[in-house]
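Order-wise, the sequence lines are chains X and D.
Residue numbers 266 to 527, in the numbering used here, belong to the letters of the first sequence in order.
Residue numbers 479 to 715, in the numbering used here, belong to the letters of the second sequence in order.
Hints are computed from structural coordinates only; laboratory data are not their basis.
Even glycine gets a Cβ: it sits at the ideal position worked out from N, Cα and C.
Keep in mind that the hints are not guaranteed to be accurate.
Stated by the list, open to error - Facing chain X, from chain D, some residues (calculated, C-beta under 10 Å): (1) SER501; (2) TYR512; (3) GLY538; (4) ALA539; (5) GLN582; (6) GLY587; (7) GLY612; (8) GLY646; (9) LEU647; (10) SER651; (11) SER673; (12) LEU681; (13) TYR694; (14) SER699.
Unchecked claim - Covered stretches of chain D, as calculated for chain X (at least 3 residues, CB under 8 Å): (15) 491-500; (16) 504-511; (17) 543-554; (18) 596-610.
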Amino acid sequence: MLRALWSAASGMQAQQLQIDTIANNLANVNTSGFKRGRAEFQDLLYQTVTAPGAPSSVATRNPAGIQLGLGSRPASVKKLFSQGDIKKTDNPLDLVIQGQGFFKILLPDGSTAYTRDGAFTANQDGQLVNAQGYLLDPPITLPPDTLTINVGADGTVSVTQPGQPQATPIGQIQLANFVNPTGLLSLGGNLYQATEASGDPIEGTPGLDGLGTIAQGFLELSNVSIVTELVDLIAAQRAYELNSRAVQAADEMMQRVHSLVR
Amino acid sequence: MNHEVYIAASGMRLEQRWLEQISQNLANVSTAAYRPQRLLAASHDGRALRWPAVAVALGGAYTVPGTGPLRETGRPWDVALPEGRYLLVRTAGGIRLTRAGALQLSAEGRLTDALGHPVLDQERRPIEGLTPQGRLAGDGRVLDGEVERARLAVVHVEDDALQREGDGLWDLSEGRSLPQPEAQPELRVGWLEGSATRALDELVRLIEAQRAFEGYQKVLSVVINDVNRSAVRDLAG
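Sequences and hints are given; from them, build the entire structure.
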């Protein structure tokens, strides 16, 4: 009887995690470069009541056996790195990666973080920084008298300056990719950190070695689909109710046992 | 004591087990490729115990045939398998079977299941050396760019040859051997199989188990509290 209670409770916990994940996805429906999470579950280990192949009589054996499960447990929350929709902004420092790869960001502590969010701005020194003010890596510094900025599909950054008809190249944006991007650690602020699960970053020039190309004047939107999330939310809510119904049934059965003695 | 008491108690025990199984199925309503299980009742002949009684007991269990609903995810390492087909993975305890198709690459470029168990190819070797350009093809080939790296082992196994291990894994029952992998499996890449638990079925069974339990409890209550008590009173009175 207690097995039924705990199985149903594990099911309710699983649905809570599901709803937490959906809520986070929905909250980030307008976060540029955000990648939706997907909660995954697995069945818990089984208690064997009758082993398969155990004798059922002198001459016969039980073909299947009886194994009672103990509920479910969360296996992982996977980030799904599918391409988000692309929005035209006409801001010359809004960049989007079309395809695989991440921009590299230098954190204040000297370590490197990775992001798909290409909303860059120039700081007081003319250096390209992300929304939190962290430097793009490798650093790119705009000259003070910059008229126009041009970023090529291969990440080359060039500027035009007064009195110079030709654009001057000032830097090259590099991208990083991972064997297992799902294994990246989310730091918040649209940043990810490499982990043992993601593998070491594979750095390269945009457009080469399977890396995506860069488009200027666009932003990558969140890849959260509101319809999908809402359908998932309804399903999770109903599943939660179903599991609570099983808890209730187990409780009522126990009450009936108690009521036997009067 | 009257033997009705034992018969009714055996029924109550059975309904409890029933409820445990329903709870397990409902708890896994979001588990990828979970297959619900049902318990079977069997009459338990009490004559050996010198009672002219027949009680009920658990007779067996079976996995409900069929697959869960498919859902398109677009993720290149998600794969859904046809009915009765399983992937092979290597665990600490040996080779196991799974239908949970949310695969991933490890940091070293090895293809694994969601818990990191290596997925095996047709020669039962782990599939290694994949890069971010790796992908699955619908016929079971594992490609890196356009180069074929390995072929997934997909085996066809009947339900009665399997036992459950948890974590979406299945083991072969005693005395069963692993069949040869299929030469041309038909996989749906970018799709994921959901749980095959059907909420309505489970809910109906839940109510059924609860009502049956109540019925047994009534019988027990009448025997213990009314019949026995009045017998004692009348005979002693």
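**Prompt:** Going through the earlier hints one by one, which of them does the structure break, listed in rising order?
**Reply:** none
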